[in-house]
Structure formats: structure tokens, C-alpha cells
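Asker: Sequence:
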Amino acid sequence: MPAGYSGAPLAKKLGFAEGEALYAKAMPESVRAEIEAHARPRYLARPAKDLPAAHLFHTSAASLAADLERLRPLLAPAGMIWVSWPKKAAKRPTDITEDVIRALALPLGYVDVKVCAVDAVWSGLKLVIRKSQR
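Here the sequence shown is numbered in my numbering, starting from 25 and rising by one per residue.
Think of the hints as simulated: they come from the structure by calculation, not from any bench. Watch out, some of these pointers could steer you wrong.
As the list claims (entries may be wrong) - Pairs of lysine-lysine, DSSO-like flavour, derived with a Cα cap of 27 Å: (1) K150 <-> K73; (2) K115 <-> K138; (3) K73 <-> K155; (4) K36 <-> K155; (5) K49 <-> K73; (6) K150 <-> K112; (7) K111 <-> K150; (8) K155 <-> K49; (9) K36 <-> K112; (10) K138 <-> K112; (11) K150 <-> K36; (12) K73 <-> K138; (13) K111 <-> K49; (14) K138 <-> K36; (15) K49 <-> K36; (16) K115 <-> K73; (17) K150 <-> K49; (18) K138 <-> K49; (19) K111 <-> K36; (20) K138 <-> K155; (21) K115 <-> K155; (22) K112 <-> K73; (23) K111 <-> K138; (24) K150 <-> K138; (25) K49 <-> K115.
If you're wondering where the values come from, they're calculated on a predicted model, not measured in any experiment.
Please put together the full structure from these sequences, using the hints given.
Answerer: In C-alpha cells, the structure reads:
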């Protein structure tokens with residue numbers, strides 16, 4: 025059952041299409057299974073130029089900052105990055121919140137456009153390249 029209240033399949037909520045290239049870092053197997061129940065992205069072992077989509081799972085703001093900086097020049101102009109972090113209710117150690125993600129992402133030219141519940145543990149914030157910088 026998808027997390028949250030929309031009832032939409034997770035792959036649809038995240039915008040992952042069948043066969044689309046996806047760089048998934050530290051994605052839990054349960055999340056991968058939920059996505060693959062409705063779409064089968066083509067997972068990349070490492071990000072490449074013109075990357076259409078990435079989904080990063082982080083508990084450390086420092087490691088997230090490094091990934092956002094590294095992925096920025098690789099992301100396709102219309103590409104997206106989902107950043108997932110543990111919800112407060114999950115009681116997992118993290119120094120990441122929505123506001124922390126924005127503080128790291130906005131100076132790099134990203135803008136956040138959507139938030140969703142990924143599952144009972146993870147929240148997600150969708151980032152895209154600011155239109156003026158595409």
C-alpha cells in the first residue's frame with residue numbers, strides 16, 4: 025500500500041516511467057519493490073550526463089550536499105532529483121529536514137516543486153533545475 029493519502033502508486037507519485045534511466049542512491053529494497061510494482065526504471069550504477077532522474081536517500085546533510093553538487097552538472101535540463109530523508113516519526117538519526125534540503129539546493133540552482141510520503145519511514149522532496157538556469 026502506498027504511503028500517504030493519495031492512493032496513487034509510488035512510481036506515479038514520483039514520476040518514474042517504464043524504462044527511464046534512474047540513479048538511485050541508497051534506495052531501500054522495500055521502496056524499490058513498491059516502485060517496480062508499477063514501473064520498471066532502468067537503474068544506473070552511477071550518474072551520467074543528461075540524467076533524467078535520481079532518487080537519493082540520505083540521513084546526513086553533509087553527504088547530501090556533496091551529492092547535490094556532484095549531480096547538478098549531470099542533470100538533464102528537464103531532469104529531477106528526489107531527495108528522501110527519514111520522517112521525524114521514524115525516530116532515525118538525521119540532520120536533514122525540508123528546510124535543510126532547500127538551504128543546500130537553492131544556491132546550486134535547484135528549486136523544490138513537490139513533496140510526498142515515500143513510505144512509513146521516508147519523506148521525499150522533488151528538486152528540478154530553476155527554469156532560468158536550464
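Asker: Next step is simple, just say for each hint if it's right about the structure.
Answerer: So, going through the hints one by one against the coordinates:
1. K150 <-> K73: Since the Cα atoms of K150 and K73 sit roughly 19 Å apart, the hinted pair holds (cutoff 27 Å).
2. K115 <-> K138: The hint holds at about 23 Å.
3. K73 <-> K155: holds (19 Å)
4. K36 <-> K155: Status holds; Cα separation ~23 Å.
5. K49 <-> K73: holds (16 Å)
6. K150 <-> K112: Holds. K150 to K112 sits at ~19 Å (cutoff 27 Å).
7. K111 <-> K150: Holds - the C-alpha atoms of K150 and K111 are around 16 Å apart, at most 27 Å.
8. K155 <-> K49: Within the cut-off at roughly 25 Å; holds.
9. K36 <-> K112: Holds, because 24 Å separates the two Cα atoms, which is no more than 27 Å.
10. K138 <-> K112: holds (19 Å)
11. K150 <-> K36: The given pair, whose Cα atoms are some 13 Å apart, holds under the 27 Å limit.
12. K73 <-> K138: holds (24 Å)
13. K111 <-> K49: holds (18 Å)
14. K138 <-> K36: Distance of about 13 Å is within 27 Å: holds.
15. K49 <-> K36: holds (19 Å)
16. K115 <-> K73: violated (36 Å)
17. K150 <-> K49: holds (15 Å)
18. K138 <-> K49: With Cα atoms ~19 Å apart, K138 and K49 stay inside 27 Å; holds.
19. K111 <-> K36: holds (21 Å)
20. K138 <-> K155: Holds: K138 and K155 sit about 15 Å apart, inside 27 Å.
21. K115 <-> K155: violated (36 Å)
22. K112 <-> K73: Roughly 34 Å between the alpha carbons, so the hint for K112 and K73 is violated.
23. K111 <-> K138: holds (16 Å)
24. K150 <-> K138: At roughly 5 Å apart (the allowed maximum being 27 Å), K138 and K150 satisfy the hint.
25. K49 <-> K115: holds (21 Å)
Hint check: violations occur at hints 16, 21 and 22; the rest are consistent with the structure.
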